[in-house]
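Asker: Given next are the chains, with one letter for each unit.
Protein chains: 2
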Amino acid sequence: MSAPLVGRLAVIGAGLIGSSIARAAREKGLAGTVVVADRDPAVRARVRELGFADVVADTAADAARDADIVIACVPVGASGAVAAEVGPALKPGAILSDVGSVKAAVVEMMAPHVPAHAQLVPAHPVAGTEFSGPDAGFASLFENRWCIVTPTADADPQAVAALEALWRGMGANVETMSPQHHDLVLAITSHVPHLIAYNIVGTAEHLEHTLTSEVIKFSAGGFRDFTRIAASDPTMWRDVFLYNREAVLEMLGRFTEDLSALQRAIRYGDGDALFEHFTRTRAIRRSIIEQGQETAAPDFGRRVIKDGAAG
Amino acid sequence: MSAPLVGRLAVIGAGLIGSSIARAAREKGLAGTVVVADRDPAVRARVRELGFADVVADTAADAARDADIVIACVPVGASGAVAAEVGPALKPGAILSDVGSVKAAVVEMMAPHVPAHAQLVPAHPVAGTEFSGPDAGFASLFENRWCIVTPTADADPQAVAALEALWRGMGANVETMSPQHHDLVLAITSHVPHLIAYNIVGTAEHLEHTLTSEVIKFSAGGFRDFTRIAASDPTMWRDVFLYNREAVLEMLGRFTEDLSALQRAIRYGDGDALFEHFTRTRAIRRSIIEQGQETAAPDFGRRVIKDGAAG
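So the sequences go chain by chain: A and B.
The first sequence lines up with residues 8 to 318 when you count with this note's numbering.
The second sequence lines up with residues 8 to 318 when you count with this note's numbering.
Looking at chain A on its own, in the form it has when it is part of the complex (with noise of 0.2 Å):
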């Protein structure tokens, strides 16, 4: 077997994300050693009791120490706290990342905490699911998904270019951004939907108790898919609303602009305007699909289809 990528590996925070790093390198032999560190002592005990780490340390600066590479897997408003625990312990030419949804404001949050003889490379794997926590993760979940590297202008190849091996290594594809530009496409394909999926589970949520639960009955109608996103970890997503405000509030204002022409046309009975708009989103799903990004499995695949006569 040839050397692991990174020698030692320092994940920060063992939740959904953290772990599956933690699962991925161990699995594909990325890094020699695996430390893993969360704040919470319940969180350390279950990650011995699963295995996933080679080392469990009781503070992010211990697993820091002598690691070539230390990824900080926590809410968006932690990163600086994390940040200004491990820099002073961090050994000349390490790197150190993380995997926030939101990259302009860890940037600013994270870097001045780094000494000059790290460097600080940002990063966001655009993964998950709806479960959070160190049972939840999986050694495949950046499989085919994307991880988008958000280096700053001073960075220095050679680090961004390990950090880029690292996830190729547990299976992600690779694309850079600038951060600001990260967070504009973030907050449509991802900040945005979340919020609204949010909002409408909350709308049924506020409505009198007997419909509450008509909804939650014959939620396959549609709305069941909208729980799936808003069953999200609420710390995180706190985060990502705090911390990517503006673009977040630019794409949501253009989402209740194009909400309010689709209400009028409802309102006066323009069935043409419906009809071309709800034609025109079908292409979007088919490009998801051949992209690879999506199964065309109907209905996510959710069952299995047994009808034999359609065969």
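Worth flagging that the hints you see were computed from the coordinates, not collected in a lab.
Nothing here was measured: the structure is a model prediction, and the numbers come from that model.
Please note: incorrect hints may appear among the correct ones.
As a list, the in silico SDA-like pairs of lysine to any residue whose alpha-carbon atoms are at most 25 Å apart [stated by the list, open to error]:
#1 B:Lys98 with B:Thr66
#2 A:Lys35 with A:Val181
#3 B:Lys224 with A:Thr159
#4 B:Lys224 with A:Val181
#5 B:Lys224 with A:Arg261
#6 A:Lys98 with A:Ala168
#7 A:Lys224 with B:Lys224
#8 B:Lys98 with B:Asp75
#9 A:Lys224 with A:Thr242
#10 A:Lys224 with B:Ile296
#11 A:Lys224 with B:Glu257
#12 B:Lys224 with A:Gly176
#13 B:Lys224 with A:Gly308
#14 B:Lys224 with A:Asn180
#15 A:Lys224 with B:Ala169
#16 A:Lys224 with B:Leu256
#17 A:Lys224 with B:Ala85
#18 B:Lys224 with A:His188
#19 A:Lys224 with B:Asn180
#20 B:Lys98 with A:Arg55
#21 B:Lys224 with A:Thr263
#22 A:Lys224 with B:Pro305
#23 A:Lys224 with B:Asp75
#24 B:Lys224 with A:Asp277
#25 B:Lys35 with A:His188
#26 A:Lys224 with B:Gln187
#27 A:Lys224 with B:Ala303
#28 A:Lys98 with A:Thr159
#29 B:Lys224 with A:Gly299
#30 A:Lys224 with B:Lys98
#31 B:Lys224 with A:Asp306
#32 B:Lys224 with A:Ala168
#33 A:Lys35 with B:Thr66
#34 A:Lys35 with A:Asn151
#35 B:Lys224 with A:Thr302
#36 B:Lys224 with A:Arg55
#37 B:Lys224 with A:Glu257
#38 B:Lys98 with A:Glu301
#39 B:Lys224 with A:Lys98
#40 B:Lys224 with A:Glu297
Given the coordinates of chain A, work out where chain B should sit on it, guided by the hints.
Answerer: Relative to chain A, chain B alone:
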């Protein structure tokens, strides 16, 4: 084998729902003869190839003649025309039904064409996928899904019971309510979710061209869930919004008010309000899974989790 529930079953319209009814009735032996009509000659030819009908009729009236139960499986806006065509052909004691996602308008459009010797019993199976046409149907589509039967006040209980038995035979759970209440419940569980999914996919399509291709590329962040229901049949959904206008506008109003509140929380950085909202919505997801209307598998079970270390 005991006698089938229905002697002659006529299905008018061989799309996703109509072809699924025909397949289910055949596979489960629910009808002596399954007759399928479609106004499109190409669809009729395809139905013959697929072989899920005992008889393929050229017209809706031909299919309805001598049928015990006739089910119109057409977009809501076409249900009045179908009733006008089959009404004169209905035999004494025949039941005319439909599968429309809107019920009060359907009753209004169909009832005038039903002769005194026949019975109108509208129904709505809350099931479907994002695919359309005779190839998209499958016999198990209605299994463990709800079918809402919305009899009018003067409906014959025996006719209602006969239609309910047919839906139970296809694996559905049957619930009864008034057409007006149905339209309100479906506005929030289905119609508004579809509208906002169509809307956000449209917003993404209106972006600058480069940004649209990035939206497709990075859709795994949440957006792709919305594209599934925004790929549904445009004619069907145009009609839903035209014919359930009032309930949709009412629920859309509530959605918009709630969204304004979340938007304000983001603008003013009110993290507590966001966290509290995002926490409450998790409970709704849990209820839907507990009631068997959804899978508990992460990410809808889109792919198999293959991490040995997680076990």
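Asker: Are the Cα atoms of B:Lys224 and A:Gly176 separated by 25 Å or less?
Answerer: holds, 20 Å
Asker: Is the hinted pair A:Lys224 and B:Ile296 satisfied, with a Cα-Cα distance of at most 25 Å?
Answerer: Given that 25 Å is the threshold and the Cα spacing comes to 10 Å, the pair holds.
Asker: Taking only the CA atoms, is the gap from B:Lys224 to A:Asp277 under or equal to 25 Å?
Answerer: Violated, at roughly 33 Å.
Asker: Take a quick look at whether B:Lys224 and A:Glu257 sit within 25 Å of each other, Cα to Cα.
Answerer: holds, 21 Å
Asker: Check whether the Cα positions of B:Lys98 and A:Arg55 lie no farther apart than 25 Å.
Answerer: Since the Cα atoms of B:Lys98 and A:Arg55 sit roughly 72 Å apart, the hinted pair is violated (cutoff 25 Å).
Asker: When you check the alpha-carbon spacing of B:Lys224 and A:Asp306, does it fall within 25 Å?
Answerer: Distance ~21 Å between B:Lys224 and A:Asp306 Cα, so the pair holds.
Asker: Given the hint that B:Lys224 pairs with A:Lys98, test it: the Cα-Cα distance must not exceed 25 Å.
Answerer: Violated, at about 36 Å.
Asker: Given the hint that B:Lys98 pairs with A:Glu301, test it: the Cα-Cα distance must not exceed 25 Å.
Answerer: violated, 48 Å
Asker: When you check the alpha-carbon spacing of A:Lys224 and B:Ala85, does it fall within 25 Å?
Answerer: violated, 28 Å
Asker: Given the hinted pair A:Lys224 and B:Ala169, is their Cα-Cα distance within 25 Å?
Answerer: Distance ~23 Å between A:Lys224 and B:Ala169 Cα, so the pair holds.
Asker: Checking one constraint from the list: CA of A:Lys224 to CA of B:Lys98, max 25 Å. Satisfied?
Answerer: Roughly 36 Å separates the two Cα atoms, so the pair is violated.
Asker: Given the hinted pair A:Lys224 and B:Lys224, is their Cα-Cα distance within 25 Å?
Answerer: Violated: A:Lys224 and B:Lys224 sit about 34 Å apart, past 25 Å.
The structure does not agree with the numbered hints 7, 9, 17, 20, 23, 24, 25, 30, 33, 36, 38 and 39 stated previously, though it agrees with the rest.
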